[in-house]
Amino acid sequence: MSEKTNNIIICRCEEITLGEIREWIAKGYETFDELKRVLRVGMGPCQGRGCREMILREIAAKTGKTVAEVEPGTFRPPAKPVKLAVLAEGGDK
Amino acid sequence: MPWKRTADVVVIGGGVQGCATAYNLAKLGVKDIVVLEKGSICSGSTGRCGAGIRAQWGTEMNCRFGLACVEKFEQLHEELGMDCGLNQSGYLMVAYQESEFEQLKKSMKLQNSLGINTRVVTYAEAREICPGLAADDAVGFTFHDRDGHADPFLTTFAFMEAAKRLGVTFHKFTEVTDVKTIAGKVAGVVTTKGDIDAPVVIDAAGGYSQIVAKMAGVDIPNFSERHEIIITEPVEPGVCPPMLMSFSGNYYIQQRPHGSIIGGCSPEGHPQDYELGNSWDFLEMMSRTFVKLLPRTKGVRVVRQWSGLYNMTPDKQPIICEADNVKGFFLNCGYSGHGFMFGPISGELLAQKIIGKKPWIDIEMLHYSRFERGELLIEPAVV
Chain A
174 MSEKTNNIII CRCEEITLGE IREWIAKGYE TFDELKRVLR VGMGPCQGRG
224 CREMILREIA AKTGKTVAEV EPGTFRPPAK PVKLAVLAEG GDK
Chain B
493 MPWKRTADVV VIGGGVQGCA TAYNLAKLGV KDIVVLEKGS ICSGSTGRCG
543 AGIRAQWGTE MNCRFGLACV EKFEQLHEEL GMDCGLNQSG YLMVAYQESE
593 FEQLKKSMKL QNSLGINTRV VTYAEAREIC PGLAADDAVG FTFHDRDGHA
643 DPFLTTFAFM EAAKRLGVTF HKFTEVTDVK TIAGKVAGVV TTKGDIDAPV
693 VIDAAGGYSQ IVAKMAGVDI PNFSERHEII ITEPVEPGVC PPMLMSFSGN
743 YYIQQRPHGS IIGGCSPEGH PQDYELGNSW DFLEMMSRTF VKLLPRTKGV
793 RVVRQWSGLY NMTPDKQPII CEADNVKGFF LNCGYSGHGF MFGPISGELL
843 AQKIIGKKPW IDIEMLHYSR FERGELLIEP AVV
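Protein chains in written order, with our numbering: chain A, 174 to 266; chain B, 493 to 875.
Rather than coming from a laboratory, the hints here were simulated on the basis of the structure.
All the pointers check out, no bait thrown in.
Computed spacing ranges between beta-carbons, pair by pair:
(1) A:N179 - B:I674: 52 to 58 angstroms
(2) B:K496 - A:K235: 23 to 29 angstroms
(3) B:D765 - A:F248: 20 to 26 angstroms
(4) A:N179 - B:E590: 57 to 63 angstroms
(5) A:G263 - B:Y588: 20 to 26 angstroms
(6) B:E566 - A:E244: 32 to 38 angstroms
(7) B:K849 - A:A199: 35 to 41 angstroms
Positions of the beta carbon are idealized from the N, C-alpha and C atoms, including for glycine.
Start from the sequences and build out the full structure, keeping to the hints where you can.
Right under this line is the structure:
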């Protein structure tokens, strides 16, 4: 694989490249959640909206599975980032 | 990884305790060690924790343990060959009640006598350590600058990678369903992938330790509580340099080196149902604590909320011992919310005990028989 391809940023929040993702998949970090823990992919403000699909395709390619067979990883609340002051005011009781 | 029907040691649990115990056993020359993890490595309590590391404790044993852990983390990168994300910006303890401040000062005297340089700081000094801190309702503060936090994922992976280099086998997505015993001795484990016969089995199953112990016929009084936590988007460093912690204020808040701020507390009526859900009540309560304590965070966004299990014992101190009624079955559990910080040391001490060496910190009192004897080692300093 060319250096140019390796340097493509896949997770823009944490600035993780395709090369790094492929390197850690090769080391046995073969699920989205494992890559998340070791590289922080999907932990930034976008919560994986930008990178998840691309990473799942990489995992599928390396493990011989179809994308549908690859676990998508955990989705956690809130659905989108919310300011602390807004949350502190609370909801309707 | 091919499946082998026998091993010298089986470790149940791929969190920091399991990985550190396996690594230390391998380092001491034990061959044929297998670590079994029902999910993926660091997917349980370790990977969900608040990541703090401190020597500011209230009992002598915990102070010794805590200081040893701080010193261990300081050289862990070099030993394991992987960065563990250590950040030593201190723990700033905040007391809101006179009695609480007295306890902090009493603990400080004990800490000072053991070589831990904790000191009382004024509100003005506290605001130099943590600019923007709003705690004019506090009555006092203590600070220890070598305390801090590390990355639980990188630390656990570092132990795993180092253990692998020493020949340890890891089977993930492999759940232990039974522990085999013959005539008062452990004989092996039954798992979802097959059986493994082994003369030594270690229960490092975190929130599920009491379930695993029961499989071996060992009764321990541990129970698991759900604790929740939030993390913000990354912001510039310096918003919350130290770990802010208060027992009466019921919070801990710290900023990771990459900029995200993490905060948690002990909710009332800790659910004990092994569920790992998230509650709106916690999110709202924790957000209120953030903006009260650090008013300039009010425009910072929460990106994620999750929960994990504290494996609690009656005195909030761990169990590190061999079972009385099942020889070869060792327990390394019950850390009551501070398993991550103690892992690198407790893994080493248990490994020494297993091979018949004297652990360099005495751990005899951490046998679970203390609960029956009523000799609890109650730790006052836990959130």
